[in-house]
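Engineer: This is what each chain is made of:
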Amino acid sequence: MEKITRLALYVINNSKKRRLILGISAKAFGRIIGKSEEFVQNIESVRRGHYLHIDFPSIANALDWEIHDLLPPDNSPYSDGTLVDKVVFSLNNPLNAEEVIVGMKEIGYFKQEKSLNDIFEHLYLTENMSEKRKVINDLLEKLISNNILKLNNGKYLA
Amino acid sequence: MEEKEDNQIISITEHLSRQKVSRIDFEILVNFYEICKKKKISEREVSFLMGKVNKYFSEILNPFFKEHIKTEYLDILPAIASTGIRKIIPNDISPKETIDIRGTHTRETDKYSEVDYYKFTVTYKDGTTRNYRWKIEVTKGSRSKVNPELLDILKKLISRHYFHKPKFALNIYIILKSRFKNAFSPLELQIALSKLTNKSVDPEFALQEGVDNMRITYSKILNETEKSLEHCQDHRIWISRYIPINTYEGQFFIWYEDSDENDKLLTSIDGNVLLSSSIEELLTLLKSNNDIFKAPVNLEAWLSGMEALPPTISVTYSPKEIIDGFEVDSVSVNTLADFVNFYNLVGDLGCQDERFEALLEFREVGELTKVWDYFCNNHLFKAKKHKGLSFDKSKFVADFRELVVRFESNIFS
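Top to bottom, those sequences are chains A and D. Residue 104 in the working numbering sits at position 104 of the first sequence, with consecutive numbering throughout. Residue 346 in the working numbering sits at position 346 of the second sequence, with consecutive numbering throughout.
To be clear, the hints were calculated from the coordinates, so they are not data collected in a lab. Treat the hints with care, as some may be off.
What the hints assert, rightly or not - With a straight-line cut-off of 27 Å between C-alpha atoms, the simulated DSS-like cross-links for lysine-lysine are: (1) D/K96 / A/K27; (2) D/K37 / D/K52; (3) D/K20 / A/K35.
To be verified - With the C-beta cut set under 10 Å, the calculated list includes, among others, these residues of chain D facing chain A: (4) I35; (5) E67; (6) E72; (7) L74; (8) D92; (9) L170; (10) A358.
The C-beta atom is built at its ideal place from N, Cα and C for all residues, glycine as well.
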């Protein structure tokens, strides 16, 4: 597995989570920060690559954030520079998926009813992404049973 | 150029400028440098903690020079400056914002020092300006006195195998700070490490410099035995020896960490512990493996590495020595440790296979567990209040003998 610095991994995962919450495609995100879709997909994959700090202002701007929102809090443990495995944020991971759906709720996405297809479209989950779609589906059921979301005539609501 | 022969100071001034400098690059450098100056961390110390040569950071500080702090090194700046990353990376920079820099660089050198003076003005995109004055002084040829207390601490770390794997200077510095607060400066650490990397140092404490991801590391120069044990540690497979209670002849076996993360004794397919009267015979058996045992995952890599290394016994279990140790008036810590190692070995065997499960109840007897608990709480985990060991010694020895008999009947069946 590729190895990168803890800070670089934090920025990649934090920005990817925010991008998914806001429903920005990798292509659109790339266009805003002045890069290609392939560049963004590469950075957000386990392949080699990370964002340079020179791009932090563009990335923050694209995500409607300040630069500091990209970064870990000041009380984070110190790093001696030892590289870590590039374990990227992914909708295949139920915990990551939950962070995204809960984040979507927090920005008001579920103030209006949303169908499952609406949610899949928001997250750019095409039909061939069956594994991720299943994770989202299962997660929504869990959030309904925990009263974090409501189900009304087959549509999801906060 | 101005030359003052009486003071032998040579002074050179250049008028320089740079356009379209990345503002975020510049602000990161300025923020980090200002914090380091406030905390009295010198440029040389920053370079050292970054794992670079002494002049590295001084060169980056040259505002007219295109070098900047690389993204990969942002990760370590908070640890160097004992601050948060948000104090270093600015919050209010626009995308692709640039600045212009104009000013002078004066270098003054004499036989004692070299001083760089940077006086420059930064012009921002909105037309506003800000002036900076930096002075970077490097003293030449000063005698470096080693801090004996720090040297002692490093030698203890070496003895405890801390340097068996390469370490960054920053890692060592973080460890020292966590244990000794600000007792030692980065410069003192650099001088002490320099002493230990000197060829004339005692081989027992000799360190070498290496490079990892373009940063300097420090590691112990391992002898062949140490390399062998390190190789075993890396692959989680160790050669152990057991000396039965009624003999002096040891039997060799393999103790390893299985893929389920449990420690086990290597057994043959029929379930018996794989024992051999010599290490060479044991290794030959492992290399041939005509399906007589289930090979640990790392075995092939471990065997391959062992070709070039002297096979080294990691632990010897000798119940007779343990009993002798408990029969003296004052039981030594080494005896306690040997007992605990054996106790744990029995537990490993008992847990790894149903056929050995019965062994576990022979461990769970009063005096044995009392001694085990005592060692773990007072020597392994360093309890705040050090209590004395109080137990029935005769009962302990009797229970221990029983445990040994049961263990040997299982492994020698």
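Engineer: Going straight from one Cα to the other, do D/K96 and A/K27 come out at no more than 27 Å?
Structural biologist: Given pair D/K96, A/K27 holds - Cα atoms ~20 Å apart, limit 27 Å.
Engineer: Taking 10 Å as the limit, does the beta-carbon of D/D92 come near enough to a beta-carbon in chain A?
Structural biologist: Interface hint status for D/D92: holds (8 Å vs cutoff 10 Å).
Engineer: Please verify that hint: D/A358, Cβ, nearest Cβ of chain A, below 10 Å or not.
Structural biologist: Result: violated, 42 Å to nearest chain A Cβ.
Engineer: Holds or violated: the hint that D/L74 contacts chain A, with Cβ atoms closer than 10 Å.
Structural biologist: At about 6 Å, which falls below the 10 Å cut-off, the nearest Cβ of chain A leaves the hint on D/L74 intact, so it holds.
Engineer: Hey, D/K20 versus A/K35, does the alpha-carbon distance stay inside 27 Å?
Structural biologist: 20 Å, holds
Engineer: Take the shortest C-beta to C-beta distance between D/L170 and chain A; is it under 10 Å?
Structural biologist: 4 Å, holds
Engineer: Can you verify the interface hint for D/E72: is its Cβ closer than 10 Å to any Cβ in chain A?
Structural biologist: D/E72 check passes; min Cβ-Cβ to chain A is 6 Å, inside 10 Å.
Engineer: Would the hint on D/E67 be counted as holding, given a Cβ-Cβ threshold of 10 Å to chain A?
Structural biologist: 14 Å, violated
Engineer: Is D/K37 close enough to D/K52, meaning Cα to Cα at most 27 Å?
Structural biologist: 19 Å, holds
Engineer: Identify whether the interface hint at D/I35 stands, where standing means a beta carbon of chain A within less than 10 Å of its own.
Structural biologist: 12 Å, violated
Checked against the numbered hints above, the structure violates hints 4, 5 and 10; every other hint is satisfied.
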